[in-house]
Amino acid sequence: MAKTYSYAARDSKDSLKPFTFERRTPGADDVQIDILYCGVCHSDLHTARNEWNNTLYPSVPGHEIVGRVTAVGANVKKFKVGDLAGVGCMVDSCQHCASCAEGEEQYCENGFTGTYNGPVFGGENTYGGYSDNIVVKEKFVLRISHDDSNLAAVAPLLCAGITTYSPLHHWKVGPGKKVGVVGLGGLGHMAVKIAHAMGAHVTLFTTSPNKREDGLRLGADQVVVSKNPDEMAKVANSLDFILNTVAAPHDLDAFLNLLKRDGTMTLVGAPDSPHPSPTVFNLIFKRRSLAGSLIGGIQETQDMLDFCARHGIVSDVEMIDIQGINEAYERMLKGDVKYRFVIDMDSLKKESHAA
Numbered sequence: 001m002a003k004t005y006s007y008a009a010r011d012s013k014d015s016l017k018p019f020t021f022e023r024r025t026p027g028a029d030d031v032q033i034d035i036l037y038c039g040v041c042h043s044d045l046h047t048a049r050n051e052w053n054n055t056l057y058p059s060v061p062g063h064e065i066v067g068r069v070t071a072v073g074a075n076v077k078k079f080k081v082g083d084l085a086g087v088g089c090m091v092d093s094c095q096h097c098a099s100c101a102e103g104e105e106q107y108c109e110n111g112f113t114g115t116y117n118g119p120v121f122g123g124e125n126t127y128g129g130y131s132d133n134i135v136v137k138e139k140f141v142l143r144i145s146h147d148d149s150n151l152a153a154v155a156p157l158l159c160a161g162i163t164t165y166s167p168l169h170h171w172k173v174g175p176g177k178k179v180g181v182v183g184l185g186g187l188g189h190m191a192v193k194i195a196h197a198m199g200a201h202v203t204l205f206t207t208s209p210n211k212r213e214d215g216l217r218l219g220a221d222q223v224v225v226s227k228n229p230d231e232m233a234k235v236a237n238s239l240d241f242i243l244n245t246v247a248a249p250h251d252l253d254a255f256l257n258l259l260k261r262d263g264t265m266t267l268v269g270a271p272d273s274p275h276p277s278p279t280v281f282n283l284i285f286k287r288r289s290l291a292g293s294l295i296g297g298i299q300e301t302q303d304m305l306d307f308c309a310r311h312g313i314v315s316d317v318e319m320i321d322i323q324g325i326n327e328a329y330e331r332m333l334k335g336d337v338k339y340r341f342v343i344d345m346d347s348l349k350k351e352s353h354a355a
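Take the sequence shown: its letter number 306 is residue 306 in UniProt numbering, and every next letter is one higher.
A portion of the hints provided could be inaccurate.
[Said to hold, decoys possible] Keeping only pairs whose Cα atoms sit at most 35 angstroms apart, straight-line, the calculated DSBU-like set for lysine-lysine is:
#1 K13 / K338
#2 K350 / K137
#3 K260 / K178
#4 K80 / K349
#5 K77 / K350
#6 K349 / K338
#7 K139 / K77
#8 K172 / K77
#9 K227 / K334
#10 K137 / K13
#11 K3 / K350
#12 K350 / K78
#13 K137 / K3
#14 K350 / K80
#15 K260 / K227
#16 K334 / K350
#17 K139 / K177
#18 K139 / K3
#19 K80 / K139
[To be verified] Estimated spans, in silico, between C-beta atoms of each pair:
#20 E351 / R261: 51 to 61 angstroms
#21 K3 / P209: 44 to 54 angstroms
#22 E231 / G335: 33 to 43 angstroms
#23 H96 / A2: 40 to 50 angstroms
The hints are simulated quantities; they were obtained by calculation from the structure and are not laboratory data. Predicted, not measured: the structure shown is a model, and the values here were computed from it. All C-beta atoms, glycine included, are put in the ideal place defined by N, C-alpha and C.
Can you make the complete structure from the sequences, with help from the hints?
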């Protein structure tokens with residue numbers, strides 16, 4: 001067993017504080033990783049504060065992990081000590097249902113095991129990347145081929161990157177397609193970058209006029225202020241696909257109206273209370289679809305990482321020390337980050353050594 005230092009929430013009202021636990025000794029199929037960087041996802045906050053009513057305490061969040069391999073089991077083939085490696089949102093699944101067999105482990109019919117907060121349907125708790133090391137089955141470890149100098153900005157790809165890449169890939173976004181991205185936050189800014197790299201014409205929708213310049217810098221072809229009826233009217237019935245990244249309840253009809261016949265809007269933001277129901281006529285009169293998407297399978301996540309490395313795509317990040325995580329949560333609630341916090345885990349190692 002390996003003594004592990006971390007930050008954890010002990011209950012829904014508690015701030016994150018130092019917490020020590022033991023990781024398992026690496027088995028024959030395991031990879032042990034010294035964590036260098038961990039991105040801060042809105043799901044971390046939802047879970048720490050039990051906003052989805054499923055948190056197992058103590059909770060050590062973090063599923064955007066980049067680190068260096070420190071040990072491998074006897075059966076491990078793809079990694080050796082010293083390699084860079086990543087861990088995303090899953091560390092296990094049943095491996096025998098139809099979804100797992102098709103490489104869609106995120107839809108495991110028996111419930112995948114999250115990198116933190118245990119299996120979806122209960123069971124042993126798992127502890128995530130706000131820690132100094134992690135031990136994961138080789139099948140759920142990702143290769144990192146980005147340049148070493150930008151690893152902190154790679155970390156958010158393990159959740160924000162795959163959450164946006166997967167639906168863009170599934171709905172065949174590419175040259176000749178007109179794509180809308182709703183929201184310019186941690187997910188939205190990755191969606192703009194990836195859709196642009198795929199060759200689509202990208203329209204960003206934001207409630208903030210002051211994000212127009214940033215949207216264009218990130219790769220949007222045009223930026224529409226969604227609170228402006230005239231701007232919205234100009235793009236009505238024009239889009240093939242919309243990726244809606246907003247994690248707060250809002251009027252979906254305003255965006256469904258922008259789809260062409262047979263267009264699809266896919267939701268990836270996960271609000272803590274439901275959206276107002278869309279008007280059925282907005283769907284049936286144009287044969288439009290409203291869909292959802294959840295992260296991506298392990299092979300698709302590897303494909304995303306390789307795609308982003310080829311195209312020079314990383315997240316726009318603000319580095320923080322682990323001691324600033326509670327302040328970062330409050331800033332994240334206010335939208336005060338461009339566009340993803342990433343924890344430098346060296347700050348945790350220094351604290352643990354001092355202790």
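Comparing the hints with the structure gives:
no.	hint	verdict
1	K13 / K338	holds, 26 angstroms
2	K350 / K137	holds, 28 angstroms
3	K260 / K178	holds, 10 angstroms
4	K80 / K349	holds, 23 angstroms
5	K77 / K350	holds, 32 angstroms
6	K349 / K338	holds, 26 angstroms
7	K139 / K77	holds, 10 angstroms
8	K172 / K77	holds, 32 angstroms
9	K227 / K334	holds, 19 angstroms
10	K137 / K13	holds, 33 angstroms
11	K3 / K350	holds, 15 angstroms
12	K350 / K78	holds, 31 angstroms
13	K137 / K3	holds, 19 angstroms
14	K350 / K80	holds, 26 angstroms
15	K260 / K227	holds, 21 angstroms
16	K334 / K350	holds, 29 angstroms
17	K139 / K177	holds, 34 angstroms
18	K139 / K3	holds, 24 angstroms
19	K80 / K139	holds, 14 angstroms
20	E351 / R261: 51 to 61 angstroms	holds, 57 angstroms
21	K3 / P209: 44 to 54 angstroms	holds, 50 angstroms
22	E231 / G335: 33 to 43 angstroms	violated, 21 angstroms
23	H96 / A2: 40 to 50 angstroms	violated, 30 angstroms
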